[in-house]
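2 protein chains.
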Amino acid sequence: MKTYLECLPCFVRQALDAVRLVTDEPAVQEQVLRQVLAELGRIDLGWNPPQMGQKIHRLVREVAGVKDPYREVKKRFNNAALKIYSKMRELVIESEDPLEAAIRMAIAGNIIDFGVNGTLREGDLEETINGCLDADFSGLQVDAFGRAVNDAEEILYIADNAGEIVFDRLLIEQLPIAKITVAVKGSPVINDATMEDAMLAGLPKIVEVIDNGFDAPGVILESCSQSFRDRFEKADLIIAKGQGNYETLSDADKNIFFMLKAKCPVIAQHIGCATGTSLLFRKRPTAITGNL
Amino acid sequence: MKTYLECLPCFVRQALDAVRLVTDEPAVQEQVLRQVLAELGRIDLGWNPPQMGQKIHRLVREVAGVKDPYREVKKRFNNAALKIYSKMRELVIESEDPLEAAIRMAIAGNIIDFGVNGTLREGDLEETINGCLDADFSGLQVDAFGRAVNDAEEILYIADNAGEIVFDRLLIEQLPIAKITVAVKGSPVINDATMEDAMLAGLPKIVEVIDNGFDAPGVILESCSQSFRDRFEKADLIIAKGQGNYETLSDADKNIFFMLKAKCPVIAQHIGCATGTSLLFRKRPTAITGNL
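Respectively, the protein sequence lines represent chains R and U. Residue 48 in the numbering used here sits at position 30 of the first sequence, and the numbers go up by one each step. Residue 232 in the numbering used here sits at position 214 of the second sequence, and the numbers go up by one each step.
This is chain R alone, in the form it adopts within the complex (with noise of 0.2 Å):
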C-alpha cells in the first residue's frame, strides 16, 4: 500500500507524539518536528507508509538519544495484558468456539497502537478486551482460516504490538503449535513488539520465535535479515497482525491473513470496510468486500 496525502499530517502528529514521550525539551521537540516535516516535503509516496514511519521513529531516537522511547509503555501494557491473561484463557477455553474467541481477542488486543493511538490507557484495553467477545465482528474469515491453518505446514505469525501480543499468544495456542513460527521486530520502533515482548509474553516456551532484524513498523522485506526473508518465504501461510503489517504486505505475493482492527481511515478505505472495523481475512481485500 502506497503513501496517501492523508497520512502526512498523521506523520507529524506522531513524530509529536514520540518526540514528547521522551523529552521535554522544547528545543529538541522543535528540531525533531523541523526535520520531519523537511522530510516529509521531499517524501516518495510509492513508499509504504511504514517506510516513513520508520524514517522518522529513528530521528527522534537519534535527536532525542533514546534508544527505545516506548519502553515504559510496552511494559505497561504487557503488565496490563498478563494481569488479564488467565481469565481470558479460561474464557476461550469455555468457549462454545474457542477458535473464534481467541481470534476475537488477538484482534482485540490490536488496538495497543501507539502509533495510531499515543493517549491509550490500559483501562481502555481491559474494557474493549471484555467486551470483544459479545461485539459485532462481522468481518472475520473464520472458517476459511481454520481450513487454511490445517492444510499448512508452516505458519508464519508476524506480531505487531508489546501487550497484544499477549492476546496473540492466546489464539496461538488455539492453533497446532508445531507448525508455528512468530516474529517480532529486530530492534525496538513504537511500541512495536521485539524478543524482549515475546518472552515477557512467555511464546518462547510454547514455539519458536524470531525477529526481522529491522525497526520499521511492518514488514519492509528487503530490509529484514536473509534468515527472516527464508522463513517468510518457505512459509505456505503467513499470518499478518496490525496496520503496519498490512500496509507493507498487502500487495506482497503470498499466502496471507490479515487480523487487524481498521483503526486508521486510510487502511479501512484501502481495505474497503467502515473505521474501525474488526478483520480477519485472506489477502485480497477485493474478494473480502461481501463479507465486510
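These aren't lab readings, by the way, just hints derived from the structure by calculation. Hints should not be assumed to be uniformly reliable.
[Claimed, not checked] Using 30 Å as the maximum straight-line C-alpha spacing, the simulated DSBU-like pairs for lysine-lysine come out as follows:
{"#": "1", "chain 1": "R", "residue 1": "Lys20", "chain 2": "R", "residue 2": "Lys105"}
{"#": "2", "chain 1": "R", "residue 1": "Lys252", "chain 2": "R", "residue 2": "Lys101"}
{"#": "3", "chain 1": "U", "residue 1": "Lys20", "chain 2": "R", "residue 2": "Lys20"}
{"#": "4", "chain 1": "R", "residue 1": "Lys73", "chain 2": "U", "residue 2": "Lys73"}
{"#": "5", "chain 1": "U", "residue 1": "Lys223", "chain 2": "U", "residue 2": "Lys20"}
{"#": "6", "chain 1": "R", "residue 1": "Lys281", "chain 2": "U", "residue 2": "Lys197"}
{"#": "7", "chain 1": "R", "residue 1": "Lys73", "chain 2": "R", "residue 2": "Lys85"}
{"#": "8", "chain 1": "R", "residue 1": "Lys73", "chain 2": "R", "residue 2": "Lys272"}
{"#": "9", "chain 1": "R", "residue 1": "Lys73", "chain 2": "U", "residue 2": "Lys20"}
{"#": "10", "chain 1": "R", "residue 1": "Lys93", "chain 2": "R", "residue 2": "Lys197"}
{"#": "11", "chain 1": "U", "residue 1": "Lys281", "chain 2": "U", "residue 2": "Lys101"}
{"#": "12", "chain 1": "R", "residue 1": "Lys73", "chain 2": "R", "residue 2": "Lys105"}
No experiment lies behind these values; they were computed from the predicted model shown.
Once you've looked at the hints, dock chain U against the given chain R.
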C-alpha cells in the same frame, strides 16, 4: 498567542482539506502539500497561528488558481443560517433574557469553522443552534458584557465566519446599534466572512460594516488597512468572535470581550478551559479562570 508544536499537524490537515476542496487533481494537491510542509519546516513559532494560516491558504489559492475555494461552502452555510434566522429571532425576543439568548446563538454559530472542521454539515449547525438555549454554557460573562456595552461609546464587533455572521446579527440587534461597527475580512480566506457575507446577512442595513483590508484568518493588526487600524484604535470596546481573532488579539492592549467556542485543544489550554467550552470573557484569560 504563539504557534505551538500541536499546530503543525493541524496546519497540514487544514492545507489538505483546502486543496481537496478546490481540485481533484492529485498532482496539484501533492504540490501544495509539499510546499506547505517545506514552509512549516521553516516556520517562526513566535508567529500567531493565523499568520501561517494566511500563508497556507494563499498558497492553496495560488497553486490551484481559485480565488475563493470556500465560496460554495460559505453560500451553503449563509443559506442554512438565513433559513432559521426568523425562528431564532423570535426565540431570542421571547426569551427571559434576550441578551443571553442572543449571545448563546452567536457563539453556537461559531461551530461553522472550516479551519477546524472541514466536514461540517448544515444539519450539525441546526442541531447546535436548536440546542444552544438549553446547553450548559458556564463560561459566559453576560452581566459584565452588558455593562461594558453600556459604558462604551464606540464598539468594534469583529466577525468571524460566513453563516455565523447571520447569528451575529441576532446579537447585534440586542445591542445599541448606533455604537456598533462590524468588521469583516478584506478578502477570502477559509470560510471567514467578507463583505459579501455581511450583505447577505443584511448587516449593512442596520450597522456600519467595514473590512479589515487583509486576508489572514484573524486580525494581524500591522497588516490591516490604515482605516481599519484607526477604527480599532478609536473603539473603546472590541467584541472579537472566534478562535482566529482570539489567537491574534489575545495579547492586544485593548478592552476586548472574546466570544467563541474553544474547538481546538491548544486554544482551550491557552484560555484555561476544556475543549468545546463556549466562552464570552473579558480579555485576560487568567482573570476568568475562576468562571470556567
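Status of the hints after comparison with the structure:
1. R/Lys20 / R/Lys105: Answer violated: R/Lys20 to R/Lys105 is near 40 Å, above 30 Å.
2. R/Lys252 / R/Lys101: This hinted pair is violated, its Cα atoms lying about 36 Å apart.
3. U/Lys20 / R/Lys20: Distance ~35 Å between U/Lys20 and R/Lys20 Cα, so the pair is violated.
4. R/Lys73 / U/Lys73: holds (28 Å)
5. U/Lys223 / U/Lys20: Violated - the C-alpha atoms of U/Lys20 and U/Lys223 are around 37 Å apart, more than 30 Å.
6. R/Lys281 / U/Lys197: Outside the cut-off at roughly 53 Å; violated.
7. R/Lys73 / R/Lys85: Holds - the C-alpha atoms of R/Lys85 and R/Lys73 are around 14 Å apart, at most 30 Å.
8. R/Lys73 / R/Lys272: Satisfied, since the Cα-Cα distance of roughly 27 Å is no more than 30 Å.
9. R/Lys73 / U/Lys20: Holds, at roughly 29 Å.
10. R/Lys93 / R/Lys197: holds (29 Å)
11. U/Lys281 / U/Lys101: holds (25 Å)
12. R/Lys73 / R/Lys105: Violated, because 39 Å separates the two Cα atoms, which is more than 30 Å.
Of the numbered hints given earlier, the model fails hints 1, 2, 3, 5, 6 and 12; all others are met.
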